[in-house]
Amino acid sequence: MKTIGKRSLALFLLLTLLAALGGCGGQTSGESGTPAPQTGAPAAESGAPSGEQPDPMTLTFATHLPETGVDGASLKYFFEEVSKETGGLLTFEYYFAGSLVSATDSLTSVSEGLTDIAFVPEGFFETQFYPTFVATIPYTTTSEWVTNKALYEMFQTYAPFREMCAAQNVVNLGVVAPSELAMCSNLKIESLNDLTGLKIRAMGAVNADMTKLGATPVAMAANEIYEALERKTVDAATGIPVTLAVSYKLQEISDYFIYTGYGMYTTSSIYMNKAVYDKLPEAYKQAFQTVYERFVDEYSSETWMGGAIKDSIQAIEDAGGEVIVLPKEERDKWAEKLAVDAQEFVDTATSYGYNGQEILDTYQALVAKYAPDDIAYQVYE
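Residues -22 to -1, 1 to 359, numbered by mature numbering (1 follows the signal peptide of the UniProt record, and there is no 0), are exactly what the sequence shown covers, in order.
Hints in this document: simulated from the structure, not taken from any laboratory.
Careful, some of the hints might be misleading.
Stated by the list, open to error - In silico SDA-like pairs for lysine to any residue, Cα to Cα no more than 25 Å straight-line:
{"no.": "1", "residue 1": "Lys311", "residue 2": "Thr189"}
{"no.": "2", "residue 1": "Lys257", "residue 2": "Gly47"}
{"no.": "3", "residue 1": "Lys263", "residue 2": "Ile231"}
{"no.": "4", "residue 1": "Lys54", "residue 2": "Trp282"}
Build out the structure end to end from the sequences listed, making use of the hints.
Okay, structure coming up:
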């Protein structure tokens, strides 16, 4: 047997050591049981999307709302938060106050791709979005938070709502309903009897409800209310929330603002063109959902709608006006007069080819689900 020389032995030991070192370097953290060291901030802390970084993108957003009011300002905040969620990779070009599209053109603009995203008041589009009118059945809820949560869940999970959007070539990114309507007048309205024969400005389905309550509805734009009240063309006005009433300075010419418990008079949502949405990276789609699920709570908080309602009530009182909240027994009388509205919704939805009763039952169940956790500011005891 030949003996191994010193030089051969040294070479053998060196090769063995190198092989061992090579094996350790090829192990993953999972194979070795020891986590690999991390460098830099994790994605959740930096705001950047996890996984492969998508390309930067700019989308257009259009609304009829002014940027300065609580509704317009909160929408801009929503998109700014989406941008942050993507680490600044997704940005937005804004068109406020009807500078690109009007409220009545909002759906067409987004469905046909004139703008990537639009704020659409569904009340203007009965034939296209009638199922959403379920949220405007009076005396269902006075909370915009409950309304937003219930409708958003239907857009996310309820097949007829998803099919309704697909038919319009849009995707719903979030529901942003205004706060409940109020009534303003120089006459003190505290009961149903006080409504009899009054000429009351209203809008949409609220016009028909004023007739059922014994008043005479007068259709006019919101920006015409001030002059109509001043000239006594109408005795009262409704169909707007108290925040909008104050923005039109109606507290200057109205002695009374009445909360009747009617609830929601319209709904609005953020819609994206479906073709644009389908091309978005998954990280961007997730950013919209993540931010909306935070935003829906923030919108009803002191920062936005809750604070705006309180400020509006204070402005009314500072102007010498009185805020009247109808007691529950009186609200129940109004609700009884308008109870027929639910069946009217079912019948109309059915005429459009929907299962109206199923839509009503689904929405009412979701209202009952979210009502116990309501965070919206309420004037009622």
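Consistency of the hints with the structure:
1. Lys311 to Thr189: Distance of about 15 Å is within 25 Å: holds.
2. Lys257 to Gly47: 32 Å, violated
3. Lys263 to Ile231: With Cα atoms ~47 Å apart, Lys263 and Ile231 exceed 25 Å; violated.
4. Lys54 to Trp282: 12 Å, holds
Of the hints listed earlier, those the structure fails to meet are numbers 2 and 3, in rising order.
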